[in-house]
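Protein chains in written order, with the numbering used here: chain A, 1 to 740; chain B, 1001 to 1328.
Check before you lean on any hint, since a few could be wrong.
With a Cα cut of at most 20 Å, we get these calculated SDA-like pairs of lysine to any residue [claimed, not checked]:
#1 A:Lys61 - B:Arg1002
#2 B:Lys1039 - A:Gln270
#3 A:Lys729 - B:Lys1106
#4 B:Lys1047 - B:Lys1300
#5 B:Lys1047 - B:Pro1209
#6 A:Lys51 - B:Val1126
#7 B:Lys1039 - A:Asn659
#8 B:Lys1295 - A:Ala737
#9 A:Lys295 - A:Arg385
#10 B:Lys1300 - A:Ala737
#11 A:Lys295 - A:Leu368
#12 B:Lys1047 - B:Arg1023
#13 B:Lys1295 - A:Ile605
#14 B:Lys1300 - A:Val734
#15 A:Lys491 - A:Phe457
#16 A:Lys729 - B:Gln1306
#17 A:Lys56 - A:Gln87
Since the hints were derived computationally from the structure, they do not count as laboratory data.
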Amino acid sequence: MSDKQQSIIGAGVPRIDGPDKLAGRANYAADNLPPNMAYGYGVFSTIAKGKVTRIKVDEAKRMPGVIDIFHHGHFPSLYRTPSSFVQGNKVEETRLPFEDERVYYEGQFVALVVADSFENARAAARHVEVEYASESAVANLAQGLEDNGTQAGGGHSRGDAASAFDSADTTIDVTYHTPVETHNPMEMHASVAYWDAQGNLTIYDASQGVVVERNALSKIFAIAPERITVHAPYIGSGFGSKLWTWPHAIATAAVSREVGRPVQLVVPRQQMFTTTGHRPETRQRMRLATDGNGKLVSLRHEAINTTSFTDQYVETCGSVTKSLYSCPDLTVSHATTQVNRGTPTSMRAPGAAPGLFALESAIDEMALAAGVDPVQFRLDNYAERDESQDLDFSSNHIVEATKQAAERFGWHERNPQIGSMREGREIVGYGMAACNWEALKRPCDARVSLRADGTAFASCATQDIGTGTYTIVAQAVSDVTGIPVDRITVKLGDSSYPDGPISGGSWATATTLPAIAGAARNALDELKRYATGSNGIFAEASADDLSVADGALRYDGKQASFAEVLDAARYGSADGEAHTEAADSKYSYRSFGAHFVEVRWDPGISHLRVSRVVSAIDVGKVINETTARNQVEGAVVMGIGMGLFEATEYDERNGRPVNNDYAEYVVPVHADQPEIDVILLDYPDLAFNEYGARGIGEIGITGLAAAIGNAVHHATGKRIRELPITLDKLMDDVPQAQSA
Amino acid sequence: MRHFDYARAESPQQAVAAHGSDRDAAFLAGGTTLLDLVKLDVMQPQKVIDINGVDLDTIERLDDGRLRIGAMVTNTALARDERVVEDYAVLSQALLAGASTQLRNKATTGGNIMQRVRCPYFRDGVSACNKREPGSGCAAIGGVNRTVHAVLGTSDNCIATHPSDMCVAMAAIGATVEVQGPEGTREIDFGDFHLLPGDTPAREHALEPGELITHVVLDAPLEGNRSAYLKLRDRQSYQFALASSAVIVRMDGNTIREARVAMGGVGTKPWRAPEVEAALKGKTASEALFTDAAKLAFEKATAYSQNGYKIPLGQQAIVRNLSDLTAA
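Looking at chain A on its own, in the form it has when it is part of the complex:
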């Protein structure tokens, strides 16, 4: 890599897919309208628990345009997938759609109408009469504990946390609660499926993982994976809800085969709250203790989360707690309790987002109890190595991140006394929290072609879910070949391309780029062979003598563009493929950072807002300054939603999600967004991969809600241990209902 070429890595290259999106040329799943396509529309259970006792479809079947109506008594026989992460065929809800008459959650598919238009399908769906034998639903975490207790979900333990706690100088024992949050990507879940005459399945799906979906469908339909193609070139975001295949996609593929036509199904917004996953409700007990010097001596993080009655999903709230702070005696435990809700799934920073709300709030409480400034307390207690794995961190700059952000934020101006910082009618609160996320690099394949027209082509079966993957892949190809980004075509989101990772867990950058770079180098080697072959433009040279710069080969003072080399050899392209392996386990690979948050509380009108955020983020090398910053800013805004607004409310009497639309499920709007100042530390983590990049999608949301809560405590003196921090929780003397 020449110096000049290196500069493309890290540059704020504009998104190469931006113009297509802006012009409406980017086709999302439901934009695909194959000829003769029919439309599916679901009938969804109106009870959360029980059985379907009868389905009357006669009237609906006679309605205009109706082709067929499927339900548990009329649905093709399918197979379950083993749902193995290792085998790459995971789904979150293993129960097949229409498998039996049981109802496990409100909003479960109980029938599916297929008709010649969306409107006809929907109208008929409303005339399908379903009778139920309803049972008393388990509506929330507390009821789950009463009903079925807990199921173990793993953990970590070192030393003897209980004894250390009992003999410590200062202790806290507090319990935090986080509600169900629903991903709510703008693009609704949607599938368009069709089968050709040879029995090959094509599906356009809003998917964050085309390879895993292909493999899961291969198991479910018991056909070879080569006969299935999953397309997801553009996704209107997912936040985790589109990582794994949900019942609607399976049902769409199944009924398409039955009716012998392409079928499209879009999940209505209301059912995006029921049948496509959510972040589960958590209850987290935190017991911390320090010695007389403010050093943590005992830490216990015991988390329970809700899961469905069909599958166990563990929200690993303590995943960060194991290694963020140095503590010899520590216990992390995870457990689940079953409720009548759909199966939960990963939502941006799964485990860490609710887990760091509890941990970083509790650390604030511990610091106050120990009489130490919260920043200093963290600097005194951050782990220098990963004590949970007994490994060094590959690269850890959390101390610098914390100090830089504190400086930029002006933490030294904080008067620690509660409610002491006033500006007019507002009380200003300062709070901070650490952020943390694991770095993972998975196996990956990629292909790069250097083409006779002077362009390059790169492909990989990963996805761009709106984060900038297309662009950074082009940057990597440009970095290796010197071909400018505007002459590089990148194709992603197609399961027929070389196997790539899911777009989740902040894995995609670290996983995909080394494979892309490897493929580009292999293509260059191929090109050099062409150049030095008998018809080659540098036939007199050996491949090792050639150098590469700016899309050309150089030898002995002469230069030939890639196009000229290929033209001389009469080849259309020089192709390279590469396979890269998962990260080794020599180090603990993690990303770090710190958020500093200013809130303003106007007690006269009970108005709380986040007025300023400074975040310093250490994610290794930043590949694209613009898209990286955008990821952190977006995550901070999502963290404000988590802190102040978001909660899916279930009626405790019957388990029905109540606020299931964009009006009542409150997420931040532009007016809620403060000044967000993002500091990107940019230290390459070269032990992790050749670019030194660790990925940046999740880390920005971790810790943010805790930083808000800590700032709210500083402003108001109130410690809100149950998200979201809504204004009613901060008001004094709130009248209670006279009756139930």
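Once you've looked at the hints, dock chain B against the given chain A.
Positioned in the frame of chain A, the structure of chain B alone reads:
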């Protein structure tokens, strides 16, 4: 597809005739409520009379100083009208505090008055709801009722708030609703237009079947008035009021000669608070006065399982608005 008859009317008379006082007919103005609820299958009109062609989109000053607003004037046009901005700041502010730009561009004055409640149990098509299915009960009582449920004017049959911001301002200003019916025109006092749920929550307003709102006539502005709308909610925009206040005052130095106060987000209808107004009249402006006066508005309030906070929050909305308006 669900089929329905569709007719375009070019005059109020034509619209009313096309409607035919049919209980399954609906007028279509901006459509921001009707289309929404039809898509949710909560409303199933058999006949839709599109009134976008009727000539009711002007605002005129009457000789007696009142302002006559056509029912089809959009929320955006009304909020930006110079006479409204000048004489009825509270109304302009209330309109701009509502919904989003896109919705305000479509939503009309008449439609806003007629908008239906946002109670999720009303909108889900399944739960017990006496508005949607008279006699089925009210799932909101004892259910999820933190945001769009009232503490004033409730009954055991319904606790949904009236969602409009515009109507709260109109309640404070005082207005007359002009109506075209099969038998001709009539006028309804704005305060009598929206009905309390009582035992008949499905009956939401004073219109007879087939009657069409043609105009809203605002009372003449109080001379030298100051007015403002204060809306409190979780997020800064695009949310219905948790509590709001529309306040108009006429001051004489530091003395309140006259005050008009109405509230949103807390009542089952746009909620005028005459007891607060009486307590303020002729008094010297002070925080203590406002606090005591605001309390009066909630003497008969009922807290439900999640919305008791609206009782103090509603008082804060009044006190802060009064404090700001009466400050120098």
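For each hint, the structure was consulted:
1. A hinted pair counts as satisfied when its Cα atoms are at most 20 Å apart, and lysine 61 of chain A with arginine 1002 of chain B qualifies at roughly 14 Å.
2. This hinted pair checks out: lysine 1039 of chain B and glutamine 270 of chain A have alpha carbons roughly 12 Å apart, not beyond 20 Å.
3. Taken as a hint, the lysine 729 of chain A and lysine 1106 of chain B pair is broken in the structure, with Cα atoms around 36 Å apart against an allowance of 20 Å.
4. For a cut-off of 20 Å, the pair hint linking lysine 1047 of chain B to lysine 1300 of chain B is broken: about 41 Å separates their Cα positions.
5. For the suggested pair lysine 1047 of chain B and proline 1209 of chain B, the alpha carbons sit about 13 Å apart, so the restraint of at most 20 Å is met.
6. Proposed proximity of lysine 51 of chain A and valine 1126 of chain B is supported: the alpha carbons are some 17 Å apart, at most 20 Å.
7. About 17 Å separates the Cα atoms of lysine 1039 of chain B and asparagine 659 of chain A, which keeps this hinted pair within 20 Å; it holds.
8. With a C-alpha separation of about 18 Å, the suggested pair lysine 1295 of chain B and alanine 737 of chain A falls inside the 20 Å cut-off, and the hint holds.
9. Under the criterion of a C-alpha separation no larger than 20 Å, the hint pairing lysine 295 of chain A with arginine 385 of chain A is consistent with the structure, at around 16 Å.
10. As the CA atoms of lysine 1300 of chain B and alanine 737 of chain A are separated by approximately 13 Å, the hinted pair is consistent with the 20 Å bound.
11. At roughly 13 Å between alpha-carbon atoms, lysine 295 of chain A and leucine 368 of chain A fall within 20 Å of each other, so this suggested pair holds.
12. A C-alpha spacing of about 9 Å is found between lysine 1047 of chain B and arginine 1023 of chain B, which places the hinted pair at or below 20 Å, so the restraint holds.
13. Restraint check: the Cα-Cα separation between lysine 1295 of chain B and isoleucine 605 of chain A comes to about 15 Å, which is no more than 20 Å; the hinted pair holds.
14. Restraint check for lysine 1300 of chain B and valine 734 of chain A: satisfied, since their Cα atoms lie roughly 16 Å apart, inside the 20 Å limit.
15. Between the alpha carbons of lysine 491 of chain A and phenylalanine 457 of chain A the distance comes to roughly 8 Å, so the proposed pair stays at or under 20 Å and holds.
16. Our distance criterion of 20 Å between C-alpha atoms is met by lysine 729 of chain A and glutamine 1306 of chain B, whose separation comes to about 11 Å.
17. About 40 Å separates the Cα atoms of lysine 56 of chain A and glutamine 87 of chain A, which puts this hinted pair outside 20 Å; it is violated.
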